[in-house]
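**Q** Chains as they are written, first to last, in numbering that gives the first Met the number 0: chain S, 0 to 392; chain P, 0 to 457; chain Y, 0 to 340.
These aren't lab readings, by the way, just hints derived from the structure by calculation.
Where hints are given, some of them may not hold.
[As the list claims (entries may be wrong)] If you only want the chain P side, here are some residues facing chain S, beta carbon under 7 Å, derived:
| id | residue |
| --- | --- |
| 1 | Leu43 |
| 2 | Asn155 |
| 3 | Lys158 |
| 4 | Gln356 |
| 5 | Ser360 |
Even glycine gets a Cβ: it sits at the ideal position worked out from N, Cα and C.
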Amino acid sequence: MKKITIAALAAIMASSVAQAEIKMGVILGFTGPIESLTPAMADSAELAFKEASESGKLLGGETISVVRGDSTCIDAAAGSAAAERMITADGVAGIMGADCSGVTTAIASNVAIPNGVVMVSPSATSPALTDIEDNGYFFRTAPSDARGGQVMAQVVIERGITDVAVTYENSDYGKGLSDSFITNFKALGGEVTATAAHENGKADYSAEVAALSAGGSDILVVIGYLDQGGRGIIQSSIDTDAFENYVLGDGMIGQSLIDNVDGDLTGAIGSLPGSESSGALMFLDLAASAGLDGDGPFRAESYDAAALMVLAMQAGGNADRATIAENLMSVANAPGKRLMPGELARGLEILAAGGEVNYEGASNVELTDVGEASGTYKILEIKDGAFNTIDVR
Amino acid sequence: MAPQIHTDQNQRLRAVIAFGLLGLGLIAVGILQSWNSAFGVLNLCMISAVMALGLNVQWGYAGLFNAGVMAFAAIGGLTAVLVSHPPVVEAWQAGGTYLIGSLAALIATILLIRSVRPRLPEGRIRFWGTVLITITAYVIIRSLFREGAGLVEAVNPAKTGFLGGLGLPIITSWIIAGFVAGGLAWAIGKISLGLRSDYLAIATLGIAEIVIAVIKFEDWLARGVKNVTGLSRPVPYEIDLQESDSFIGWVRWWYQDTLSASDNSVKLLNELVISSSSIFVKLCYSGILLAALIILLTLANRAARSPWGRMMRAIRDNEHAASAMGKDVVYRHRQAFIVGSAIVGIGGAMLTTIDGQFTPSSYNPLRFTFIIWVMVIVGGSGNNLGSILGGAIIWFTWVQAEPAAQFVMQNIAGFLPEESALADHLSDIAPHMRLFTMGLVLLLVMRFAPRGILAERR
Amino acid sequence: MDGFGTDILNALILFANFVFVPALSYGSQLALGAVGVTLVYGVLRFANFAHGDVMAFGTMITIFVTWGLQSYGIGLGPLPTALLALPVAILGTIALVLFYDKTVFQFYRRNRSAPVIYLVASVGVMFITNGLVRLFIGPDDRRFADGERFIIKARAFKKMTGLSEGLSLQVTQVITVVVAIIAVAALFWFLNKTRTGKAMRAYSDNEDLALLSGINPDRVVMVTWILAGTLACIAGTLYGLDKSFKPFTYFHLLLPIFAAAIVGGIGQPVGAIIGGYVVAFSEVMATYAYKKFLKYLLPDDMAPSTLMQFLSTDYKFAISFIILVLVLLIRPTGIFRGRVY
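Use the sequences and the hints to build the structure in full.
**A** And the structure:
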């Protein structure tokens, strides 16, 4: 037994010493409730890894290969097993992921943190993750729901809307964001006339819509995903003419919502992390030139999560796990040269020369002292069949 | 009796071979992937085995179709939270009075109905009287309860927003989970046992969905879909081990040969300490789980060989004859149903303990009901050791299917033109074929090897 | 147009728009599914867990044929093309269930296995069908209703009548009800008037007596599967047309369908139909918030301040089960005495 252990460890050590390329993990729910969102998120992250590899400037010409794993979004045991394999067998230097807050917590506290591996989540928004005991190994490029709900509540109040009905997807994301929205909205003097959760994957949402509309409000706040229950709710509400206008959470924003809903959504407003900074637009161009659609939930955040880890490696001059953890904050925040998406090569050059960078990226990255995005939001409105940015805060 | 002995020997040999192959599989994972993965899989194999053992008591002993295994696993997990999480004092102060009030009102209603009903004249008046009391009480209880739940959920909803638990060591929840799950089984059995077997199947299927829905929507109970994370552990934390001098010293001693041969021994020691710490934690879990599994197996085997076990099999094989012999079939069925559900509940508590968190949305009928069924039928219905084997084998296949399926799909896709729609489709649906395979395995075993890998002892 | 009369009209329209029309079409879909389950139960004596996924399979064929017809530009004008595709899909579904009977269920019938063994086998069949559907069409949500979407739109209705509440009526809702009536009428004609139908009923009532009187059991079983497959395909397609097709949701339909069959008295086709409507109306009515409805009917100072909801929509699907439990407790035989022991 002992011999086998030593042999196996020696084999792993040998591979980690002699490896030709740096391995990075991407762990997202490729099956499960958000299986329709994850492929594009993984592609966006891999875009950043590829950009760094192809620049030829990463640690003097190293390349990155990506190991994908299935977090399943809900099954903590299966997600942890995948992460375990990735960290202990494939020997990844850092992990981009995970996605849903539940598995993210499980993987972080049972696998990543004990093994000293950095995780940067693009989409785990649960406020509970702010206080996780992470020993400096857990980061996220998505802002906490606590901030998202606050922004949404302010926007709604400023529109002169005083009463709304709220529907949220029944998951840690939906429930967390709606709790935060409702608390803030009430604090600002608004009234919530009805709330109803919706489950994804149900064919019929007429009962939910009926209950929501019975509260008497004309405005419906929809917190969910644009290709799942959230769209079903809006469709059902249009069919029965239950509401006049909609306020959309960040998971609902995307052109496919407007394209796939049979009816007129003009006037609907929503908020989405990110800014109308040139960064967001640059990311769209960058993604388009790689054949990807960069316009969708958590894609920019995924790209940024991957980019931060690459820059952290370069800043420490080493591709090992501890180096990434030590340098991640410094490359994300000021001081330093501002970096936009697609400028990784320039950033790697500056870092190699001993300079400092301040990565802005696609989602205007600025990490708070616990390592999560502080949260700039853009406010959008649907006009002429498209989302238009009307404000940034 | 000669053929009997022969079959017994044969059985023993089969058991040894099957467990041997499983062990080899785990060692292969250890060498090819990592020992951390291997022990991780082993621990989950043991938890699956516990759940399969519980279902075997119901199906193998008594022939009861329980389509709600998931509910008992979830109740076990919930118990783990309610036992181990420290109480949230602010929440109790905020809404505790209302919640206790609504509970008291519920008990009062039941007592009221019980005392009033016999005094009403039989027939319509009694029926409508009961309906009237029930509806009035429902309105009162619901409003009290909603008020209290709202207050509790408003206490720092991002972090707590629930009542919390008792703050006891999480291991104690394994025993309590057995009682709680058994209690739920008692209630379900009371309603649906005694009718045709299909009714139990449909009733358990439905009640399982409701149990999950209650856990998901009632935030005051265990935060609902917001999950309860960071449950305390019965074993040390890796980080603490990594900082403990005695652990580091122990690692240095264990790996002295490797370390002295290395030219960068400080860095290597650091890496070894990290990987050893997580292997050590997993080994601790393995020890506890193995002990629990052996206790449960011994008890289950004893029960199976006792007069009680013989009677259960007699009832299963011919209900009418057993009933004619004066056996109370419904009562005995209920016993087996309660005991089996209790064991599944223990398995559920174990799983939550290992995960360190409770995620209600992870409970779906596929993963927590039907896979357990496949485990029992493949392992051998009616044979306790068989269901343990089935549990371990099926879980092993289930987790290792992901890397295997990726491997297969990559190879198939290699032959197809790049970026072809078919290749895309294949890799998209690969995970869903797990389901198909499980159905096929179930049908094939039922048809061609209905006794499973290890047949029932007669 | 003011006054109490208008208020009553508004209240009724509100109720029709959110409760009556959706529940009627949902109830028709459940009723068709429940009749299929109940027929199999009556003749083959087991609860078929695969029924929901067989419905999904039938709907999938409908979708494929619809796509084919659409690509040739063939359609039904204002009606959905799926109606044209339905007969082909029915044949496909019948082929599937007969295949399952030959490969899976026949074996247990020959061995005279206990009903619960069939039940476990039907779970296996459920998974295989589930996998097949995902293999062919994938797990995504599909809308395949084409043609006109509405007969009356809510806003148009408001403008037309001058009321403050609108009634929307979708084409698919009307089609559902009409097709369900036709299918059920044809089924009862078959069961009551034809020789085969009578043989089936006799077999279902008393197997031994039926065998003695020279009824061919294999034929009865085959006809049962054909009817069950046909009904499953129609029910699945109507449900998919009215809402949308997603393989996952068909598994969840199983529970209300079982509830409907048991409430009506399992093994009793008439009971299954009534059970379907009982379940659908209870589901919608118990979770509807009556605040607005009562506001129209009650004087202003009595208008309710809460939502007046009996049960939160969170537990919508639980209603069918609560009904099931109540029936099991109070009258286990169902409305029309079915077989329970």
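**Q** If a hint holds in the structure, say so; if it does not, say that too.
**A** Evaluated hints:
{"no.": "1", "hint": "Leu43", "in the structure": "holds, 6 Å"}
{"no.": "2", "hint": "Asn155", "in the structure": "violated, 10 Å"}
{"no.": "3", "hint": "Lys158", "in the structure": "holds, 6 Å"}
{"no.": "4", "hint": "Gln356", "in the structure": "holds, 6 Å"}
{"no.": "5", "hint": "Ser360", "in the structure": "holds, 5 Å"}
Taken one by one, the earlier hints fail for this structure only at number 2.
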